[in-house]
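Novice: For reference, the chains in residue letters:
2 protein chains.
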Amino acid sequence: MHELVERLWRRIKEDEEVYVSRLKRLLEKSGVSATGEGIEEASSVTRELMDEVGLRTETLSTGGYPAVFGEVREERHGTVLFYNHYDVQPPDPLELWESPPFSPSVRTGRVFARGAADNKGNLVARLCAVEAVREVAGELPVNVKFLAEGEEEIGSPNLPNLVRSHGYLLEADACLWEMSYIDDRDRPVIALGVKGLVYLELVARRRGGDLHSSWGAVSVNPAWRLMGALSLIADVAGSPKLAEFNEDIDLDPKFLKLIEESDYDFREIEEGAGELIPTVRGDVREALKRLTMMPVVNVCGIHSGYTGKGSKTVLPSEAFAKVDVRLVPRMRPEKVIESVRRALRAGGYGDIEVRQLGGSYPAARTAPESPFAEAVTRTAKVAFEKEPVVLPSMQGSGPMYLFTEVLGQPCVLAGVSRRDSKYHAPNENLRIDDYLRGIFHVSLLMLNFVPMMRWGVMPYR
Amino acid sequence: MHELVERLWRRIKEDEEVYVSRLKRLLEKSGVSATGEGIEEASSVTRELMDEVGLRTETLSTGGYPAVFGEVREERHGTVLFYNHYDVQPPDPLELWESPPFSPSVRTGRVFARGAADNKGNLVARLCAVEAVREVAGELPVNVKFLAEGEEEIGSPNLPNLVRSHGYLLEADACLWEMSYIDDRDRPVIALGVKGLVYLELVARRRGGDLHSSWGAVSVNPAWRLMGALSLIADVAGSPKLAEFNEDIDLDPKFLKLIEESDYDFREIEEGAGELIPTVRGDVREALKRLTMMPVVNVCGIHSGYTGKGSKTVLPSEAFAKVDVRLVPRMRPEKVIESVRRALRAGGYGDIEVRQLGGSYPAARTAPESPFAEAVTRTAKVAFEKEPVVLPSMQGSGPMYLFTEVLGQPCVLAGVSRRDSKYHAPNENLRIDDYLRGIFHVSLLMLNFVPMMRWGVMPYR
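Here the protein sequences come in this chain order: A and B. At position 399 of the first sequence (counting the first as 1) the number is 398 in numbering that gives the first Met the number 0, and the numbers step up by one without a gap. At position 167 of the second sequence (counting the first as 1) the number is 166 in numbering that gives the first Met the number 0, and the numbers step up by one without a gap.
Derived by calculation from the structure, the hints in this document are not laboratory data. Please note: incorrect hints may appear among the correct ones.
Copies of the same chain look alike in the list, so a pair counts if it works inside one copy or between any two.
What the hints assert, rightly or not - Dumping the calculated DSSO-like pairs for lysine-lysine here, alpha-carbon to alpha-carbon at most 30 Å: (1) K311 to K240; (2) K334 to K308; (3) K311 to K421; (4) K421 to K334; (5) K308 to K385; (6) K288 to K23; (7) K288 to K308; (8) K334 to K311; (9) K308 to K256; (10) K311 to K12; (11) K334 to K385; (12) K288 to K144; (13) K240 to K380; (14) K144 to K256; (15) K421 to K308; (16) K240 to K23; (17) K288 to K311; (18) K308 to K240; (19) K308 to K253; (20) K311 to K380.
It should be emphasised that the depicted structure is a prediction, and the values quoted were computed from it without experimental measurement.
Please construct the entire structure, taking both the sequences and the accompanying hints into account.
Specialist: Shown next, in the form of C-alpha cells:
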C-alpha cells in the first residue's frame with residue numbers, strides 16, 4: 000500500500016469522532032421535502048459543513064427548495080462532481096422508531112436516524128473526504144464540485160431547470176451519483192447507470208353513472224376494458240408487449256458480461272422480491288438482467304367500482320390504473336407514451352385516457368470501460384478490500400440523464416448503505432465502518448482522479 | 000267486454016282513493032332491511048292490510064326479519080301464490096328527494112316515496128285485487144296466497160330455509176313474482192324468468208409487504224396476475240370464455256322467438272345501458288338475447304395498490320376483484336365456481352383465492368306456452384289495453400328457483416313500475432294509473448285463473 004494511502008486510512012480512522020459528529024449535526028436537522036419541515040435548517044447545515052471542509056459555497060434558488068453548491072477550483076486538469084441530496088423521506092410511522100428519527104443515536108456501531116443512509120451519510124462522507132485528502136496530501140489534486148439538492152425525495156421537480164441553467168457551474172469531467180450499496184458479503188456494488196421512468200394513469204369511462212350490474216350484458220364495463228387495454232401493454236410478469244418498447248432494448252454484451260461475472264448472491268434478490276416471477280426463479284443472471292437491463296411495466300394501483308366489504312352488484316362507470324414503466328437506455332419517455340397511446344387506439348381503446356403523472360426521464364448508463372467507471376471501481380477495491388460488484392444499472396430510477404446527456408458527464412453510483420440500512424423506513428441506520436470506508440473510497444477517488452482519467456494509471460493504492 | 004269485467008274496472012277507478020290511501024299507509028313505514036329501520040312497523044302494516052282485504056294472516060319467523068303470510072283457502076280447484084316484499088332500499092342520499100322518502104306525496108298523478116314502485120306498490124295492488132274481485136264477483140273463485148318477505152333488498156338470506164320448511168303453506172299451482180315493468184309505449188312487460196347469480200371475490204397475493212416498484216422486474220405483481228386470471232374467465236364484453244359456462248347456454252328457439260316478436264324499443268336499452276358494447280349496437284335482438292338468455296361475467300369492483308392522488312411507485316402485495324356472474328338456466332352455481340377454480344389452476348393461478356360472497360342461486364324460467372304464462376299475458380292485455388311484451392327472462396336475478404325448482408310452481412313476472420320509477424334512487428314513484436291497472440290485471444288473473452289453468456279458456460275479458 001502506498002505510504003500516503005496508509006496514512007490516509009489511519010487518519011480517517013483516528014478522526015472517526017469528528018466525522019460522526021459532523022454527520023449527526025446534519026441528521027439533527029430533518030429536511031422533509033414532502034412537508035417542507037426543517038428544509039431551511041438542513042440546507043443551512045449542509046452549507047456550513049461544506050464551508051467547514053473548505054469549499055466555496057453558494058445556495059442556489061430552484062423555484063422550490065434550494066440546492067446547496069460547493070466547490071474547490073484549483074486544479075486545471077480535472078474536475079469531479081458529486082450529486083447528493085440533503086432532504087429526507089418523512090419519518091412516519093414514528094412509533095416504530097427505537098430512538099427518535101431526528102435525534103441521531105449511536106448503537107452497535109451504527110448511527111440511527113432518518114437520512115443516515117439516504118442520503119446524508121453519503122453526502123457527509125464525501126465532504127469529509129475533501130478534508131482528509133487535504134490533511135494527508137497537503138492539497139486537493141482535483142477540482143471538486145458538490146451539488147446537494149433538497150427535492151430528491153419528491154422527484155427532483157426543479158433539477159432539470161437547475162442543471163440546464165447552471166451548465167457552467169456544474170461543468171465537470173465526471174459525476175459520482177448519490178448512492179449505491181454494499182452487499183451482504185461486504186462488497187461495494189458499483190452501478191453504471193439508472194433506469195428511466197414514465198408514470199402513467201389510464202382512465203376508462205362509460206357514459207352515465209354506475210348501473211345495476213345486470214346491465215353488464217350489454218353495457219360497456221370500464222373495468223373490463225381497462226384490463227383489456229393494460230393487457231396490450233405488458234404480460235403478467237410486466238414484460239412489455241409493445242414492439243416500440245422492445246426494439247429499444249440494448250443487450251450490449253459488455254454489460255451482460257458484468258452480470259455474468261458479478262457472482263451476485265441470489266438470496267439477496269430473492270429476499271428483496273418476496274416472491275419471484277417464474278422465469279427468474281433460480282436464475283440469478285436472468286433476474287439481474289431484468290433488474291438492470293430490461294424495461295418493466297408495473298401496475299402501482301388499480302381501482303374501479305365497489306371495493307368495500309361484502310357484495311354489491313354494480314356496473315362501474317369508471318376505472319383507472321396507475322402504471323410505471325422502468326426504461327432502459329435508448330427508450331425515450333415521449334416515444335413510450337406515444338406507443339402506449341397508439342397501441343390503445345389500434346386495439347380499440349382509443350377512448351381510454353392516458354395521462355402522465357410526475358416527471359418522466361430516460362435511463363442513463365456509462366460504459367464499464369470508461370476511465371471514470373474504472374477509477375470508481377478500482378479505488379473501491381482498495382478502500383473496501385473486496386472485489387467490487389459492477390452492475391449495468393441500479394434497478395431504480397433517477398434523473399441522471401441530466402448529467403450524462405445534458406452535461407455530458409460519465410456518471411457512476413457508489414455508496415455506503417446496506418440492505419439492512421432501512422432507508423425510507425423506521426430505524427434507518429448507517430454502519431460507521433462503512434461510513435469511514437466511504438470517506439476512504441472517495442478520498443482515493445480524489446487522489447487518483449486526474450491520473451486515472453487522463454492516463455489510466457492509479458498511483459495511490 | 001264481459002259485464003263483470005266492466006263493473007270491475009269501473010269499481011277500481013271509483014275506489015282509487017281507498018287504494019292509494021292503503022298504499023300510503025304502508026309507504027309511511029320505512030322497512031329498510033339494510034339497517035333494520037322500521038322493519039317492525041312495515042311488517043305490521045303489511046299484515047294489517049292483508050287482514051283488511053280478508054286474508055287469514057300469519058307472521059313467519061325466518062331467523063332474520065319476519066315474512067308475512069296471508070291466504071284465502073276456499074276454492075279447491077286452483078291456488079295462486081304472490082311473492083312480494085315489504086322491505087325497501089335505504090333512502091340515501093336524502094337531500095335529493097323532493098319530498099321526504101317516508102312521507103308519501105301525490106303529485107302529477109304519481110305517488111312519490113321509497114318503495115312506491117319496489118315493491119310496496121305491487122304488493123298493495125295485489126292485495127286490493129282480492130277485495131275488488133270479492134266486491135264485484137261476490138266471491139273469490141281461486142285460492143290466493145301472499146308471501147311478503149322482509150329481506151329481499153339484502154339478498155333474501157333466509158328465504159331458502161323459509162321455503163324449504165314451509166312447503167305445505169306455500170303450495171300453489173303458480174306464482175306471480177314480485178314485479179316487472181311497463182315499457183315507454185305503455186305495454187306491460189311479462190318476463191318468464193330471472194337470471195341466476197354467483198358473486199365471487201378473487202384475491203391475489205404476494206409474500207411480503209408492498210415493495211418499491213423497481214422490484215417489479217423480478218417480483219410477482221398481484222395486480223397483473225389478477226388481471227391475467229380474470230382474462231381467462233371472460234372477455235372485455237363480459238362474455239364467458241370457459242367451456243363449462245358456455246356448454247350450459249340453452250338458446251331454446253321458443254324463447255328466441257319471443258325476442259324476435261317483441262318489437263322491443265331499442266332506445267330503452269340504449270338509454271338504460273349508457274354505452275353499449277360494440278356487438279349489440281343497433282341490434283335489439285342481440286341485446287335482448289344477452290340481457291335475457293346469455294350468461295355474463297361483470298366486474299363489480301377491483302382494487303390494488305396505490306389509488307390516491309398523484310403518483311407513487313409501489314409494487315402492491317395484494318389485489319382483489321369482486322365479480323358477479325349472471326347465470327342462465329342449466330348453469331349450476333356450484334359448477335360455475337368449480338369451473339372458475341379449475342380454469343385458474345390450469346392457467347397457473349391456483350394460488351388466487353376464489354371465495355363466494357352472499358347467496359348464489361340458479362336461474363329460473365317458465366315456458367311461454369305454459370298455461371300460467373298465457374294467463375298472465377292475456378289478462379295483462381285486457382287490463383293495459385296493449386299487446387304485452389313477453390321476454391324469456393328479466394335481466395336481473397332473484398331466488399325464483401325456490402318456487403320453480405323447490406316448490407315446482409310455474410313462475411312469471413308482471414308489475415306496475417316504469418323505467419322512470421327510479422327504484423333504488425331518490426324520488427322513487429309510481430303512476431297511479433299504472434297502479435289501478437295493476438289492480439285490474441291481478442283481479443282478472445284471479446277471476447280467470449282456474450278456467451285458464453284447467454281448461455285454457457278465459458271467460459272474463
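Novice: Using 30 Å as the alpha carbon limit, work out where K288 and K144 are close: within a copy, between copies, both or neither.
Specialist: Result: close neither inside a copy nor across copies, 33 Å intra and 73 Å inter.
Novice: Evaluate K288 and K311 at a C-alpha cut-off of 30 Å and name the case that applies: within, between, both or neither.
Specialist: between (44 Å within a copy, 24 Å between copies)
Novice: Pop the pair K311 and K421 into one bin, within, between, both or neither, using alpha-carbon distances up to 30 Å.
Specialist: between (40 Å within a copy, 18 Å between copies)
Novice: Treating 30 Å as the Cα threshold, decide for K334 and K311: within, between, both or neither.
Specialist: Between copies only: 22 Å across, 41 Å inside.
Novice: Reference check for the pair K334 and K385, CA-CA at most 30 Å: within, between, both, or neither?
Specialist: Cα proximity of K334 and K385: none, with 41 Å in one copy and 61 Å across.
Novice: Classify it for me, K288 with K308: is the Cα-Cα distance of at most 30 Å met within a copy, between copies, both or neither?
Specialist: For K288 and K308, neither the intra-copy (41 Å) nor the inter-copy (32 Å) Cα distance is at most 30 Å.
Novice: Regarding K308 and K385, is the shortest C-alpha distance of 30 Å or less found within a copy, between copies, in both, or in neither?
Specialist: neither (54 Å within a copy, 45 Å between copies)
Novice: Given identical chains, is K421 near K334, meaning Cα to Cα at most 30 Å, within a copy, between copies, both, or neither?
Specialist: neither (35 Å within a copy, 48 Å between copies)
Novice: Cα distance capped at 30 Å. Does K240 pair with K23 within a copy, between copies, both, or neither?
Specialist: neither (48 Å within a copy, 61 Å between copies)
Novice: Could you place K311 and K12 in one of the four classes (within, between, both, neither) given a Cα distance threshold of 30 Å?
Specialist: Neither: 65 Å inside a copy, 40 Å across copies.
Novice: At 30 Å max between alpha carbons, let me know whether K311 reaches K240 within a copy, between copies, both or neither.
Specialist: between (34 Å within a copy, 23 Å between copies)
Novice: For K421 and K308, with the copy left unspecified, which applies at a CA distance of at most 30 Å: within, between, both, or neither?
Specialist: Answer is between: at 25 Å across copies they meet the 30 Å cutoff, but 33 Å inside does not.
The structure fails to meet hints 4, 5, 6, 7, 9, 10, 11, 12, 13, 14, 16, 19 and 20 from the earlier list, while all remaining hints are met.
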